[in-house]
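Asker: Residue strings, one per chain:
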Amino acid sequence: MSNVRRMTGTTIAAHSILIIYTIIAMFPVFVILINSFKSRKYIFREPLALPSSDSFSLIGYETVLKQGDFFLYFQNSMIVTVVSLTLILTFGAMAAFALAEYRFKGNTLMGLYLALGIMIPIRIGTVAILEMMVATELVNTLTALILVYTAQGLPLAVFILSEFMRGVSDDLKNAGRIDGLSEYKIFFRLVVPIVRPAMATVAVFNMIPIWNDLWFPLILAPSEAVKTLTLGSQVFIGQYVTNWNAVLSALSMAILPVMILYIIFSRQLIRGITSGAVK
Amino acid sequence: MATPLKRPVRWHIAVFLAPAVLVYTAVMIYPLFNTLRLSFFTEIDQERVWVGFQNFKTLFGDELWSKQFWNALANNGWFFFIHMLVQNPIGVALAAILSSPKLRFSAFYRSAIFVPTILSFVIVGFAWKLILSPIWGIAPELLDSIGLKFLYQPWLGKEEYALTTLSLVSVWQYVGIPMMLIYAALLSIPDEILEAGECDGVTGFSAFWKIKLPLILPSIGIISILTFVANFNAFDLIYAAQGALAGPDFSTDILGTFMYRTFFGFQLQLGDPHMGSAIASAMFGIILIGVCIYLFGIQRRMRNYQF
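Protein chains in written order, with my numbering: chain A, 34 to 312; chain B, 132 to 438.
FYI, nobody ran anything at the bench for these hints, they're computed from the structure.
You may find that some hints are simply not true.
As the list claims (entries may be wrong) - If we take Cβ atoms under 7 Å as the criterion, some of the chain B residues that face chain A in the derived model are:
1. His143
2. Ile144
3. Leu163
4. Asn165
5. Ile244
6. Pro247
7. Ile262
8. Ile269
9. Asn364
10. Phe415
As the list claims (entries may be wrong) - Among chain B residues calculated to face chain A with C-beta under 10 Å, some are:
11. Val158
12. Val253
13. Val306
The C-beta atom is built at its ideal place from N, Cα and C for all residues, glycine as well.
Work out the full structure, taking the sequences as your base and the hints as a guide.
Answerer: Structure, rendered in structure tokens:
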């Protein structure tokens, strides 16, 4: 390299600290992944070695695919996450637009009411939520989970999106009004495209907690047909505690989809957190 | 905007607000208050009977219950204390290093350090359980390689270490969040302020302590309250790693697991939604106190700098 950087002491120190912490952060994931591809003997003999031709084995994955219905769990998680996100974004953006755009009686109060849920966790209401879901026969359906996650995600979505919508220029909206667009069209055609980056941020923020939640699937939808991936792997691992191959493979299979989502969205997520704070 | 003399009812406002307000009210706010209400009832002969504060008297007065409750609360307090003591300083330190302007690969480090945060508690709980397990022996082997094998203990199995170990696992998982938020706050400090400091000879470490840290205090406040709320309704990690009984001998029991056990029952004890509601109400009170202290005690006193 022609342009050699002068590595000062501080830069070296900074890099070593970050490298050490990166290793600490990645180590467990790495150990689980490499050992899921080994035979039982080698898991114990050389836990830190990469799988080699001697130790390579897919026995764990075979057990998982035979015994657990991971594709069904994955599909359930996918449905719950995607539908909840869609509802959070649609309803959240609509409410945020109403709060940011119009002056009406009770506007501030409505904003505060919707913001309550940012600080108060929905889990506190679990007893009554379960009772309500039993009464409406929604227990053991994905709908129950979707409703809960939508309600849980809305407060922060409204809060973030209305901040962004206040920044959308009035001239644009008024130009639309002069052209005879209805308020709905102004919202869907003019405002939504502009705040799309903010909506992506809200989506990424909500995606991870919904996908990873254990509490509500455990309480509202524990039956086999509607298990989410998180609950499914929890139950599966609980049953196969002593089968190390199966446990490690199940863990790897649970890690995989989240990692893929993360690799796709990490830039969005990081940009979202950063721009959110700047605002 | 030109306002006509008599404004027609603007239905579109209601249409925009309705779906969010309905779902939010029906699934979040109403159950929340209903749970608080249920804590004043009990079930006698399959009928719901109003008993006033009886459930709370049992929870705080009955020795069997109150011992569990205070144990869970104290454990929860310790859980929170470890987070504040370890997670936030590490988060701030990492963010400070990452935000230094000429650092290479900072995007890579950021993404990698954030990875544990995206994993579910189930994965994290089991992964650490396996790694720390004396059967597998990764932890003792690693300690051995640096000559510290004598330090090894089956941490998750010992009453005196299990809670701290799990708190540290949770810290490990969530360090990414304070790191990101502080990182963002540090980036938003305008260069002019730092340059002004440089002209006065304030650089490096002292620039961090004297200029940046005071400016990011509001973010640290937000992180603290987020940590508080998250910790006091935590459940998943303990459940995934130690089960609903929060062993060994309830030493890792926190309010979330205590409520779960009470609500659903375990082993021979039957589930009791009303006592569960009472515990949920206590949790609600605790979180409310924390949020109020933050809003009125801390946030008011902090100056928000607008750039």
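Asker: For each hint, tell me whether it holds in the structure or not.
Answerer: Going down the list of hints, with the structure as the test:
no., hint, in the structure
1, His143, "holds (4 Å)"
2, Ile144, "holds (5 Å)"
3, Leu163, "holds (4 Å)"
4, Asn165, "holds (4 Å)"
5, Ile244, "holds (5 Å)"
6, Pro247, "holds (5 Å)"
7, Ile262, "holds (6 Å)"
8, Ile269, "holds (5 Å)"
9, Asn364, "holds (4 Å)"
10, Phe415, "holds (5 Å)"
11, Val158, "holds (4 Å)"
12, Val253, "holds (5 Å)"
13, Val306, "holds (8 Å)"
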